[in-house]
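**Q** Sequence:
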Amino acid sequence: MLFLLKHPLRTAYILFLSFPWWYIWKVPKAIVLKYFSYAHAFGEIISFSFLLRTLFRPWKNITDTPSGQKGFSLERFVEKIVFNSVTRVIGFLFRSILILIGVVIQLLCLALFLLFLALWYGYPVAVFFGVQFLLAVS
Numbered sequence: 020m021l022f023l024l025k026h027p028l029r030t031a032y033i034l035f036l037s038f039p040w041w042y043i044w045k046v047p048k049a050i051v052l053k054y055f056s057y058a059h060a061f062g063e064i065i066s067f068s069f070l071l072r073t074l075f076r077p078w079k080n081i082t083d084t085p086s087g088q089k090g091f092s093l094e095r096f097v098e099k100i101v102f103n104s105v106t107r108v109i110g111f112l113f114r115s116i117l118i119l120i121g122v123v124i125q126l127l128c129l130a131l132f133l134l135f136l137a138l139w140y141g142y143p144v145a146v147f148f149g150v151q152f153l154l155a156v157s
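Using this note's numbering, the first residue of the sequence shown is number 20, and each one after it goes up by one.
By construction, these hints were calculated from the structure, which means they are not laboratory data.
Check each hint, because a few of them may be wrong.
[Stated by the list, open to error] Between beta-carbon pairs, the in silico distance windows are:
#, residue 1, residue 2, range
1, 119, 56, 21 to 31 Å
2, 46, 129, 16 to 26 Å
3, 64, 96, 33 to 43 Å
4, 66, 108, 35 to 45 Å
5, 56, 108, 33 to 43 Å
Note that the structure is a prediction, hence the values are computed from the model and not measured.
From the three backbone atoms N, C-alpha and C, an ideal C-beta is built for every residue, glycine too.
The task is simple: from the sequences and hints, build the whole structure.
**A** Quick look at the structure:
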């Protein structure tokens with residue numbers, strides 16, 4: 020630390036050029052990149068494109084297959100339609116809930132990112148007003 024007092028130009032460079040560039044640009048850029056990294060990871064974990072593509076498919080691809088009976092049976096036909104419809108509804112419900120959970124996670128990640136960025140930029144302002152308040156009180 021003593022070298023800063025011996026070299027006033029270096030001190031001026033750090034205070035007026037290096038530190039503001041680091042505080043205003045370099046660290047917020049890293050924060051934004053980290054947010055995109057987390058958002059991408061959560062997007063990979065909860066694959067929205069796959070869930071939307073398979074939204075109306077049967078749950079775990081469980082369907083009723085032909086039993087080998089010859090001829091048409093109305094009872095068997097209705098049974099297949101009901102079973103396949105139920106598995107599609109179950110698949111729709113599970114995938115919809117998972118999409119909703121994924122959206123909530125992404126929104127929470129975005130809110131935390133914006134809060135952290137606001138705190139990062141707001142800290143110097145809070146320190147300035149805090150010091151000003153302490154000096155006014157005493």
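**Q** Give me the numbers of the hints this structure contradicts, sorted from smallest to largest.
**A** Hint 4 alone not satisfied by this model.
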